[in-house]
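Visitor: Sequence:
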Amino acid sequence: MYLPHGIPSHNTINRIFERICPLQFSKCLYNHSHHISEFVAKKQINIIDGKVLCGTRTSESKNSGLCIVSAWASEYHLTLGQVVVDKKVMKKWLFLPY
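Numbering (the working numbering), first residue to last: 26 to 123.
It is possible that part of the hints are untrue.
[Unchecked claim] When the alpha-carbon atoms are kept at most 20 Å apart in a straight line, the in silico SDA-like pairs for lysine to any residue are as follows:
| hint | residue 1 | residue 2 |
| --- | --- | --- |
| 1 | Lys52 | Ile41 |
| 2 | Lys76 | Val94 |
| 3 | Lys52 | Leu105 |
| 4 | Lys76 | Trp97 |
| 5 | Lys76 | Ala96 |
| 6 | Lys76 | Leu91 |
| 7 | Lys76 | Leu103 |
The hints are simulated quantities; they were obtained by calculation from the structure and are not laboratory data.
Work out the full structure, taking the sequences as your base and the hints as a guide.
Guide: Here you go:
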């Protein structure tokens with residue numbers, strides 16, 4: 026994307042989002058996602074990845090933190106979905122056959 030005056034300021038981006046109709050935007054995003062998912066469904070999900078996000082640990086427990094499992098279609102550089110899981114469950118998810 027060519028931006029002759031540089032990256033827009035946060036004020037400009039805010040003005041754009043203020044003018045977008047949330048319902049119409051939701052419909053467009055849903056339709057776009059649906060078409061992408063149909064296309065990618067024909068391909069194989071080839072990466073399942075689990076991470077504990079930095080900075081999400083609570084002071085109560087050394088082993089706490091927000092755990093996320095992601096499914097990727099690396100051929101398209103596309104994240105297909107992310108799920109927040111319990112840390113104990115995450116270990117099981119990473120070894121499920123897909």
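Visitor: So, for every hint listed, does it hold in this structure?
Guide: Now for the hints, and whether the structure bears them out:
Distance restraint check for Lys52 and Ile41: the Cα-Cα separation of roughly 18 Å lies within the 20 Å cut-off, and the hinted pair is therefore satisfied. Proximity of Lys76 to Val94 is assessed by CA-CA distance (about 7 Å); at most 20 Å being required, the pair is judged to hold. Between the alpha carbons of Lys52 and Leu105 the distance comes to roughly 19 Å, so the proposed pair stays at or under 20 Å and holds. Only pairs whose Cα atoms come within 20 Å are accepted, and Lys76 paired with Trp97 is accepted, the gap being roughly 13 Å.
For a cut-off of 20 Å, the pair hint linking Lys76 to Ala96 stands: about 12 Å separates their Cα positions. With a C-alpha separation of about 8 Å, the suggested pairing of Lys76 with Leu91 holds against the 20 Å cut-off. Proposed proximity of Lys76 and Leu103 is supported: the alpha carbons are some 17 Å apart, at most 20 Å.
Comparing the model with each earlier hint shows no violations; every hint is respected.
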